[in-house]
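Asks: The lines below spell out each chain.
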Amino acid sequence: MGIIETDSAAAAAVDKALPGFGSALFRSGSVDAVGVRIERVRKTFERFPALHDVSLDIRPGELIALLGPSGSGKTTLLRLIAGLDFPNEGAVYFGDEDASHKTVQERNVGFVFQHYALFRHMTVMENVTFGLRVRRRSVRPPKAEIRKRALELLDFVQLAGLEKRYPNQLSGGQRQRVALARALAIEPRVLLLDEPFGALDAQVRKGLRRWLREVHDRTGHTTVFVTHDQEEALELADRVVVMSQGRIEQVGGPDEVYDHPNSPAVFSFIGESSRLPVIAAGNRLDFADRPIGLDAQQVRDGAAVLFFRPHDVEFAEPGEQAIVGTVVGSRRTEGTRQIELEVGGAKHRVDIEIPVGHPATTRSRIAFRPRRWKVYPVPG
Amino acid sequence: MTFGLAVLYLGLVILIPLAGLAWRSAALGLEDFWQIATDPRVIAALRTSFSTAFIAAVVNAVFGTLVAWVLVRYEFFGRRVLDAIVDLPFALPTAVAGIALTTLYAPTGWVGQLFASAGIRIAYTPAGIVIALIFIGLPFVVRTVQPVIEDFETDVEEAAALLGASRLQTIVRVVLPALFPALLTGFSLAFGRAVGEYGSVIFIAGNLPYKSEIAPLLIVMRLEEFNYPAATAIATIMLVIAFGILLSINLLQAWSRRRFGHAL
Amino acid sequence: MPSDVRVPHPDAFRNPVTESAVARGTTIAIAVAFLALVLILPIVAVFSEALRRGLDVALAAVSEPEPLAAVRLTLTIAAIAVPLNTVFGICAAWAIAKFDFKGKTFLITLIDLPFSVSPVISGLVYVLLFGSGSLLGPFFASAGIQVLFAVPGVVLATIFVTFPFVARELIPLMQSQGSGDEEAAIALGASGWQTFLHVTLPNIKWGLLYGVLLCNARAMGEFGAVAVVSGRLRGETVTMPLEIEILYNEYNFVAAFAVASLLAFLALVTLVLKALLERIYGRDHVTGAGH
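Chains as they are written, first to last, in our numbering: chain F, 1 to 380; chain L, 1001 to 1264; chain A, 2001 to 2291.
It is worth saying that the hints were derived from the structure and are not from the lab. Errors might be hidden in some of the hints.
To be verified - Cut-off 20 Å, straight-line C-alpha distance, at most; resulting in silico cross-link-like pairs (SDA-like, lysine to any residue): (1) Lys102(F) x Ile1249(L); (2) Lys2102(A) x Leu1247(L); (3) Lys102(F) x Thr2018(A); (4) Lys2104(A) x Ile1249(L); (5) Lys2205(A) x Ala2275(A); (6) Lys102(F) x Gln1169(L); (7) Lys2104(A) x Leu1247(L).
Stated by the list, open to error - Listed next, the stretches of chain F that the computed footprint assigns to chain L, with coverage defined by at least 3 CB atoms under 8 Å from CB atoms of chain L: (8) 110 to 121; (9) 131 to 144.
Because the structure is a prediction, the values reported are computed rather than measured. By construction, the Cβ of each residue, glycine as well, lies at the ideal position given by its N, Cα and C atoms.
With the sequences and hints as input, model every part of the structure.
Replies: This is how it looks when you write it as structure tokens:
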């Protein structure tokens, strides 16, 4: 079972809506994509360590997500790539070039902010052409050329005809698209987005998500985006970088990160999860002094923590080794029922999903086993 | 009930006196009014008042913005003290400021001395008036621009840098235009205040008719002569202009709201 | 680079999106020099001139009968004008911030008027009102009360010019605070007066204090309006600022600056109090949306 199934109809609609299909600027792969390498980067803010020894290899042309809760360091990392901050240690490479000593102006990255950061006193056209207009004479294209490019870009982001408007006359979604057009106008090597849809409401967010993927596929830029919304990361990205407390926990494709999380932090952050403290003995797991019929996955003997997904469980036959609990709560969600069980003598609670028609009610006893699970040793 | 009280107080303290002024003005008759209004000395006084106020307001607009920027954006020793001192012209009596500035800029004063050796006189000339009006108007610009700089979102400046703009380009193309409405408001406030200023100016002005005589002084002189019609006429002209300034500030606010979607 | 060599990055502490250190330093220097020249120098000059011949001479000058009478008069005027304008200011700010009514903009403009009109004109309107040939002059004269060129006139003119200060401080403050607290109190059963006393007043007390300070400073320091209505009878209708003018025009500089120092000192106290208030209670509680 995949995470989010592609809605082919929706994708087709988005496809139809995107004009500029044959535009010279946006033929697939026309951009010289460059990889980004982050090498052993450390960043401290006034004694608060934001990033500890972070290394990451971003491939040319890939769409990669930095995912994590607030305080995980993902925005700090993005800003270090952009040049808005400098690391205390380590280096950032664009391709083979060490960008660490380049100023923000020299790096030529496209950046999209969560709150758009549009220039309020300029029209849409002036916003989009800004990056080209501030260039030195020697590298500045002629005025007509600048205008032409801007109009093509606006066409590409579906804002044709709005070039004379001011930002305060646009909706949130439109403003964000102007921000993207503005970032693309300078033909960046790398595109960075900081929670680009965070300030928009849910409907607009979903639509723009798909659209961003389309844009990426058309232009081929190496794109890094930061989000705390795991659904967004899993849906959009080629690879997901899960971060927690200034460290990278795991890097991998959406399926890999969902199905094979390599740490409690990743497991609990991505998708729904239930957890229980268990003891690993030999190659079996015990909970509340009873074996629960699960393999210990080669975790060393001793205290450990068991993670599983609520929907990935099966009922146990009487007499089989299982986790046993009492129903204390029930919630109806789309197409299924989620119940809360008290286990281990009312000291722990877990959520599991059961079919809608199941007869269990409050105070029923349920015995179950996860179909898939992960065990992690408890440190120390 | 409190509203009624407020209205009553307002009526007593403001409306009745203003009504008196309007009544007296009306009693003047258009022809007499015009005669007074076009008297060369009156015109010279008005010109002195408005031109010195304008120059002072321009100086304040430039330096006041600079001061506001420095107070908001930079950390340095003594910043808090300087921030508090900006309000001095609000708190200091105009007469005190007047005699202090005169003493400073007279040919024997600490600053006047430096210029006297170059043959430049400041006190008792229109230049002196400008100095006094700069003192009076400074906080109007600083306190109007300061909150705007404080609320300024820095991501816009970062965006400009990311797009390749140098720091100077960012300041000129992104920051200053955003500050401009507030700057204009501050300028207008400083200008309006400076036009009517009396106490801090009459000591340093020299008060030579046609040269360094300000309009409020002319009004006072006419009053002392009991020439109420003349005083009233000059005052009315000044009031009309003051009203015009208030109105234009309000219009400016409304325009900014329409154009940029936010008030000043 | 060997993986266990950790060299701190030279640019680790520079904020990349700000002016260079040189630009910053220069701008700060210009700003400080400007403020020193325009603001600090004059106030230093006041005290310096007052103490030119020594502290005892200055004190003696201030203790002369006429300066003392001026101080008395100034204090009296402040004692009348400030409380009256404070009460009005609270009422007006209350009405404007918490309610919507027709003529609200007109009221606000009216409140701003004395603030933007020349003080001389403010004095003028009172002369026109109470002078000979005017509406009210004869009325008061027949009752034996002299308004113009006497203390009542001075008090009235001072009330007129200082009248906006408290209101102007409170209006933006109360507007930014909204009426949520008051509505909650009334929903809980408090009367209007109780709400005002226990809910509104505590919220605005620091802004109110600052407004009162400014009102007082202006009341004691008003010159232009008072110069017009006063008549300049020494010992009777001469306030401190007028006394300063008279002494200065008599070339009695030390005395003039000595009296001026008293007012300058008051100004400094006002500023210090404001800074303290803001420091302790945060900008939002003292001023609303700026002057």
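Asks: It remains to establish, for every hint, whether it holds in the given structure.
Replies: Now the hints, each set against the structure:
1. Lys102(F) x Ile1249(L): violated, 45 Å
2. Lys2102(A) x Leu1247(L): holds, 19 Å
3. Lys102(F) x Thr2018(A): Roughly 15 Å between the alpha carbons, so the hint for Lys102(F) and Thr2018(A) holds.
4. Lys2104(A) x Ile1249(L): Distance ~18 Å between Lys2104(A) and Ile1249(L) Cα, so the pair holds.
5. Lys2205(A) x Ala2275(A): holds, 15 Å
6. Lys102(F) x Gln1169(L): holds, 18 Å
7. Lys2104(A) x Leu1247(L): Between Lys2104(A) and Leu1247(L) the Cα gap is close to 16 Å, so the pair holds against 20 Å.
8. 110 to 121: holds (count 9)
9. 131 to 144: It holds, with 3 qualifying residues against the three required.
Consistency with the previously given hints fails for number 1 only.
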